[in-house]
Amino acid sequence: MQAAKTYGNIIKKIAPEHNRAALSMIKGGLFLEKFRTGHLMDKQIPKALRYLNHYAIGNVLEALKHPEKTAWVNLFTPVEILQCFDLYCLSAEAMSSYLSGFYMEDALIDHAESEGIAPTLCSYHKTFIGAADSGIIPKAAFAATTSMVCDANVNTFRHLAHKHRIPCYMLDIPDSYSPEGEMYVVEQLHEMISMLEDLFHQPFDLQRLSETLERENQSKQYFVNFLDASVGKDYPSTLTLQMFMLFATHLNIGTPEILFFFRSMYEEIQSAPAFHGKKIFWVHLNPYYQETLQRYFNLGKDYQLITTEMNLDYMDTLDVSRPLHALSKKMICNLYNGSFERKAELAANLAKRFHADGVINFCHWGCKQSSGGAMLLKETLRDQNIPFLTLDGDGMDRRNSHDGQIKTRLEAFLELLNQ
Amino acid sequence: MLGYICKYTPVEIFEAMDTEIVRIEPSAVSFTQADTLMHSNICSFAKGVLETFGETDYEGLVFTTCCDSMRRLYDVLKRRFPEKFFYMLDLPRKVNEFAASLYEKQIRDMAMAYADFSGKTFHEEKLLEICRRKAESSRLRQSPAKEPSLRIGLAGARPGRELKNMLEDLNVEILFDLTCTGLARNFSPDSTQPLGSYSYALLNQIPCMRMMKASNRIKFIDGFRDRLDGIIYHTIKFCDIYSYEYEYLKNEKDIPIVLVETDTTPQCQGQIRTRIEAFIESLKISRGIARQKPDTGTSRQEDRPMYVLGIDSGSTSTNAVILDNNKKILASSVIRTGAKSADSAQRALELTLEQAGLKREDLSRIISTGYGRVSIPFAQRNVTEISCHARGAHFLNPDVRTILDIGGQDSKAIRINDKGEVTDFVMNDKCAAGTGRFLEMMARTLEISTEELGPVSLQWKEDIDISSMCSVFAESEVISLIAQNKEKADIIHGLHKAIAGKAVSLLKRVSPESRYMMTGGVAKNAGVVAVLEEKLGEKLFIYQEPEIIGALGAALYGLEDMKN
Numbered sequence: 003m004q005a006a007k008t009y010g011n012i013i014k015k016i017a018p019e020h021n022r023a024a025l026s027m028i029k030g031g032l033f034l035e036k037f038r039t040g041h042l043m044d045k046q047i048p049k050a051l052r053y054l055n056h057y058a059i060g061n062v063l064e065a066l067k068h069p070e071k072t073a074w075v076n077l078f079t080p081v082e083i084l085q086c087f088d089l090y091c092l093s094a095e096a097m098s099s100y101l102s103g104f105y106m107e108d109a110l111i112d113h114a115e116s117e118g119i120a121p122t123l124c125s126y127h128k129t130f131i132g133a134a135d136s137g138i139i140p141k142a143a144f145a146a147t148t149s150m151v152c153d154a155n156v157n158t159f160r161h162l163a164h165k166h167r168i169p170c171y172m173l174d175i176p177d178s179y180s181p182e183g184e185m186y187v188v189e190q191l192h193e194m195i196s197m198l199e200d201l202f203h204q205p206f207d208l209q210r211l212s213e214t215l216e217r218e219n220q221s222k223q224y225f226v227n228f229l230d231a232s233v234g235k236d237y238p239s240t241l242t243l244q245m246f247m248l249f250a251t252h253l254n255i256g257t258p259e260i261l262f263f264f265r266s267m268y269e270e271i272q273s274a275p276a277f278h279g280k281k282i283f284w285v286h287l288n289p290y291y292q293e294t295l296q297r298y299f300n301l302g303k304d305y306q307l308i309t310t311e312m313n314l315d316y317m318d319t320l321d322v323s324r325p326l327h328a329l330s331k332k333m334i335c336n337l338y339n340g341s342f343e344r345k346a347e348l349a350a351n352l353a354k355r356f357h358a359d360g361v362i363n364f365c366h367w368g369c370k371q372s373s374g375g376a377m378l379l380k381e382t383l384r385d386q387n388i389p390f391l392t393l394d395g396d397g398m399d400r401r402n403s404h405d406g407q408i409k410t411r412l413e414a415f416l417e418l419l420n421q
Numbered sequence: 053m054l055g056y057i058c059k060y061t062p063v064e065i066f067e068a069m070d071t072e073i074v075r076i077e078p079s080a081v082s083f084t085q086a087d088t089l090m091h092s093n094i095c096s097f098a099k100g101v102l103e104t105f106g107e108t109d110y111e112g113l114v115f116t117t118c119c120d121s122m123r124r125l126y127d128v129l130k131r132r133f134p135e136k137f138f139y140m141l142d143l144p145r146k147v148n149e150f151a152a153s154l155y156e157k158q159i160r161d162m163a164m165a166y167a168d169f170s171g172k173t174f175h176e177e178k179l180l181e182i183c184r185r186k187a188e189s190s191r192l193r194q195s196p197a198k199e200p201s202l203r204i205g206l207a208g209a210r211p212g213r214e215l216k217n218m219l220e221d222l223n224v225e226i227l228f229d230l231t232c233t234g235l236a237r238n239f240s241p242d243s244t245q246p247l248g249s250y251s252y253a254l255l256n257q258i259p260c261m262r263m264m265k266a267s268n269r270i271k272f273i274d275g276f277r278d279r280l281d282g283i284i285y286h287t288i289k290f291c292d293i294y295s296y297e298y299e300y301l302k303n304e305k306d307i308p309i310v311l312v313e314t315d316t317t318p319q320c321q322g323q324i325r326t327r328i329e330a331f332i333e334s335l336k337i338s339r340g341i342a343r344q345k346p347d348t349g350t351s352r353q354e355d356r357p358m359y360v361l362g363i364d365s366g367s368t369s370t371n372a373v374i375l376d377n378n379k380k381i382l383a384s385s386v387i388r389t390g391a392k393s394a395d396s397a398q399r400a401l402e403l404t405l406e407q408a409g410l411k412r413e414d415l416s417r418i419i420s421t422g423y424g425r426v427s428i429p430f431a432q433r434n435v436t437e438i439s440c441h442a443r444g445a446h447f448l449n450p451d452v453r454t455i456l457d458i459g460g461q462d463s464k465a466i467r468i469n470d471k472g473e474v475t476d477f478v479m480n481d482k483c484a485a486g487t488g489r490f491l492e493m494m495a496r497t498l499e500i501s502t503e504e505l506g507p508v509s510l511q512w513k514e515d516i517d518i519s520s521m522c523s524v525f526a527e528s529e530v531i532s533l534i535a536q537n538k539e540k541a542d543i544i545h546g547l548h549k550a551i552a553g554k555a556v557s558l559l560k561r562v563s564p565e566s567r568y569m570m571t572g573g574v575a576k577n578a579g580v581v582a583v584l585e586e587k588l589g590e591k592l593f594i595y596q597e598p599e600i601i602g603a604l605g606a607a608l609y610g611l612e613d614m615k616n
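If you read the sequences in order, they're chains A and B.
For my numbering, count along the first sequence from 1 and bump the result up by 2.
For my numbering, count along the second sequence from 1 and bump the result up by 52.
Hints should not be assumed to be uniformly reliable.
[What the hints assert, rightly or not] Calculated lysine-lysine pairs in the BS3-like style (CA-CA distance at most 30 Å, straight line):
| no. | chain 1 | residue 1 | chain 2 | residue 2 |
| --- | --- | --- | --- | --- |
| 1 | A | K331 | B | K560 |
| 2 | B | K540 | A | K7 |
| 3 | A | K14 | B | K587 |
| 4 | A | K409 | B | K540 |
| 5 | B | K591 | B | K576 |
| 6 | B | K615 | B | K591 |
| 7 | B | K615 | B | K587 |
| 8 | B | K591 | A | K14 |
| 9 | A | K7 | B | K265 |
Hints are computed from structural coordinates only; laboratory data are not their basis.
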């Protein structure tokens, strides 16, 4: 870890004057990490997760090497369509997390704030803006975002598209479902597709999209089966790997590689030994770098994380015969859309279904949609007698999480679970 | 009576149902309840509404899906007051036929829901009549009689009534109100399709920042360029979406702009006033608008020397300077501000007079500045500390272009031109991070006096990073460093680096240029100065008594008054 910090400090030092060199160093660091995850990873980590880690790093590395074949996206963009144009999907959230892995988030956040961007904005967005505007990541060929879930999406992408002159499509997703709303989004998907056809001189293949959605359906089925089968089983992971799951459930869902990953995961759990510790269901993002949480949950013998509800934000089967309608519905009916009550109920149901001993909700700095509902979630879980803890901090800016505060709360909660 | 929040709310629908509906403006003084029921990191407006809603007699509240904080406020209020009418209107972000028909359907559903709740009925003819009446009355509205001194545009998120009153008092005309609540409700729906055309007109107004095509806003502003003197950009703490447009206007448009951030509590009034007045002062100077000849009180006598006093009533210290008509500093004093700023000002006045060997009646003019400037009874005029610092700095060293002032409870960066006029400024007065108060707190934790911080820190050996910017977090970080037996000098050096880092990012927001001058109490700390100089790559200009620059500037304003 010290090596990554020193390496990151060098990048930060040279970045203001030598963007290209900084980018080469980032790519070099990711290349080494790709090698490490391919050959030297801890054998305690389940094989499927090692595969995912290796694949995800390779994916970001390719996106940085081939900006002309890359789209900047958010976590909820319908990447299935972009895959049909052979584009790499680099999400603002994922790229920021990698940069934070190099301990660079502070300098990039400061860069964005000194431009005038609000300090209270989500750190993922600030880091990505800082990285793009200071020129250390190459500009993509296309950008696409959705309006749903998070206020920052539309504004961050508009800012980036304007500043770096990137063709950008923004999907407006209604907050609740209606047949008219579904058509409204389908129309927009058509518009985005024709924009992509013009930009990349490639006709859109609807059949290919249907096949992608078919793989997505299978992947999600394997994932749910895995979660059901993992009750009472030992399946160690780390906070970072838990975040990598978003690569599988969102950014690369529908690819053959991700289908392979979920299938391997499901097969692997069949022969997993029994687990006698406590299992925690996580809500929202996690601060993967946080030392106390790492100590308890990374390859934990006593405590393991089941998953975060973000990975299960839409689990209905997609209608592959009407792929655009299916994607439209998927976005409108996302768990994060609509009232918070719906989300709280579902979180409670999932925690019960997967036999969680407790639920931890993480309020990420700048995330109004999740912080604002923290108390509603608490009330819902309390009514159902599910032990619950809320932690405040930052998913990636180390300056906004305080170990002392997290440690006391977490340890008290774990003591309570063991009573 | 119903409340509403957003300018896209179809208030005329409710009026057509004979229901009064008003835009809600909370007046919470603290967020104790809201912090518990929601979270402290939520938009202050949402917290304010939650804090005060229980005390009002609204029968309900109409929301739009305007932002995440509002979506959650709706969820929380609905749970807390199940008997009231809360409605979430799903507002599209695009304006096209699809979006308009979607919005029309939403509005129709809303009218039905309210009809169910209230037993009233909605008729489209009534909607037409109300819209017609409103359009008529907006035509009759008269333009202001007095010629305004300046014309500014208002943009950003929901400024309170006070901000507009303040501008009116300063005789400033608001050319346009592009805030998320500024809308002259002037629609003319088509009588063949009243609701459809009304919905479209409502959706098709000048967009707010949550809409997709917000670039129209810039075109709108450009349309005023020939008349526009500057823009006041208002944002609310934890409402982030307007900062993007502020960034754009500031960095890409050549229009003077000031950012005013508030948390909707009445406690912000002083902060708003300082920023607005300083901005208006700088605009007037750059527009060459002469100030009115002041009332000098007593008649001037040319044969006897003239003395003026500048007094800077800050939150931590009260400073005073006496100048003679040759701009010579005769005396200056720096005292701690006590519980009552007027008493401290009186003491500073007496002390400085005594030092100069003068009597109260020898002073021809007294100008006040600083946070307490309006509550000094013996001052004849007040000027903001921004303008005074600029004036004082330029007087002491005409090469200075960028001023960094770190005082007890706030810090500011001021850009001035070769004439000493303010061209830009930013302030941090919301939290203790990066101020003298932060250092005082840390000194206490380290059991050392504030005066010792500088000299001790210069002995540092190990380079420690204090990662937390927040003073509360930083304090516990310092405690754990003490527990690790780290050297005091190294810890203090780390703290100084944190302060300097914060100061540099403040400076960066005003496009800083050499030479730099540092003012305020923290400029006496050699440790902070050393780290800053290293970060900036050049020597700072620091006056022997860095705390009196504001008072000196005020005194210079006094001399100028006497010459006019």
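| query | What are the numbers of the hints that this structure violates, sorted from low to high? | reply | The structure breaks hints 1, 6, 7 and 9; every other hint is satisfied.
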